[in-house]
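Generate the whole structure from the sequences, applying the supplied hints.
Under my numbering, the first residue of the sequence shown is numbered 1, with each subsequent residue one higher.
For the record, the hints were derived by calculation from the structure and aren't laboratory data.
All values derive from a computational prediction rather than experimental measurement.
Hints are supplied without guarantee of correctness; some may be wrong.
[To be verified] Simulated pairs of lysine to any residue, SDA-like, Cα-Cα distance not exceeding 20 Å:
hint	residue 1	residue 2
1	Lys-28	Gly-10
2	Lys-31	Phe-18
3	Lys-25	Val-13
4	Lys-31	Ala-20
5	Lys-25	Val-7
6	Lys-25	Ile-9
7	Lys-28	Leu-12
8	Lys-28	Phe-18
9	Lys-31	Ala-19
10	Lys-31	Trp-21
[Stated by the list, open to error] Label-pair ranges, simulated between beta-carbon atoms:
hint	residue 1	residue 2	range
11	Ile-4	Gly-30	40 to 50 Å
12	Met-1	Cys-22	22 to 32 Å
13	Asn-2	Gly-30	42 to 52 Å
14	Ser-29	Ile-9	29 to 39 Å
15	Lys-31	Asn-2	36 to 46 Å
16	Met-1	Trp-21	20 to 30 Å
17	Ile-23	Pro-3	26 to 36 Å
18	Val-7	Lys-28	23 to 33 Å
19	Arg-27	Val-7	24 to 34 Å
20	Gly-10	Lys-31	26 to 36 Å
21	Lys-31	Ile-11	26 to 36 Å
Positions of the beta carbon are idealized from the N, C-alpha and C atoms, including for glycine.
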Amino acid sequence: MNPIDFVIIGILVLILGFAAWCIYKSRKSGKKCMGCPDNCACSKGNCGGGCNGCQNKQK
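Rendered as structure tokens:
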């Protein structure tokens, strides 16, 4: 393996680690729907972010 391969692998590990940390942090803080800008505070038919997961959870 070339040194550039180790650099690329390191960057990928950092990106995946940061993504996992963000998911862990948001779940720990109690967010229900990470993709919804309203954090599932939207009403049944009026979700500003169009998050289907929130609408399904509220039914």
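To see whether the hints hold, each was checked on the structure:
no.: 1; hint: Lys-28 / Gly-10; in the structure: 26 Å, violated
no.: 2; hint: Lys-31 / Phe-18; in the structure: 18 Å, holds
no.: 3; hint: Lys-25 / Val-13; in the structure: 18 Å, holds
no.: 4; hint: Lys-31 / Ala-20; in the structure: 15 Å, holds
no.: 5; hint: Lys-25 / Val-7; in the structure: 27 Å, violated
no.: 6; hint: Lys-25 / Ile-9; in the structure: 24 Å, violated
no.: 7; hint: Lys-28 / Leu-12; in the structure: 24 Å, violated
no.: 8; hint: Lys-28 / Phe-18; in the structure: 15 Å, holds
no.: 9; hint: Lys-31 / Ala-19; in the structure: 15 Å, holds
no.: 10; hint: Lys-31 / Trp-21; in the structure: 14 Å, holds
no.: 11; hint: Ile-4 / Gly-30: 40 to 50 Å; in the structure: 42 Å, holds
no.: 12; hint: Met-1 / Cys-22: 22 to 32 Å; in the structure: 29 Å, holds
no.: 13; hint: Asn-2 / Gly-30: 42 to 52 Å; in the structure: 45 Å, holds
no.: 14; hint: Ser-29 / Ile-9: 29 to 39 Å; in the structure: 31 Å, holds
no.: 15; hint: Lys-31 / Asn-2: 36 to 46 Å; in the structure: 41 Å, holds
no.: 16; hint: Met-1 / Trp-21: 20 to 30 Å; in the structure: 27 Å, holds
no.: 17; hint: Ile-23 / Pro-3: 26 to 36 Å; in the structure: 31 Å, holds
no.: 18; hint: Val-7 / Lys-28: 23 to 33 Å; in the structure: 31 Å, holds
no.: 19; hint: Arg-27 / Val-7: 24 to 34 Å; in the structure: 31 Å, holds
no.: 20; hint: Gly-10 / Lys-31: 26 to 36 Å; in the structure: 29 Å, holds
no.: 21; hint: Lys-31 / Ile-11: 26 to 36 Å; in the structure: 27 Å, holds
Checked against the numbered hints listed earlier, the structure breaks hints 1, 5, 6, 7; every other hint is satisfied.
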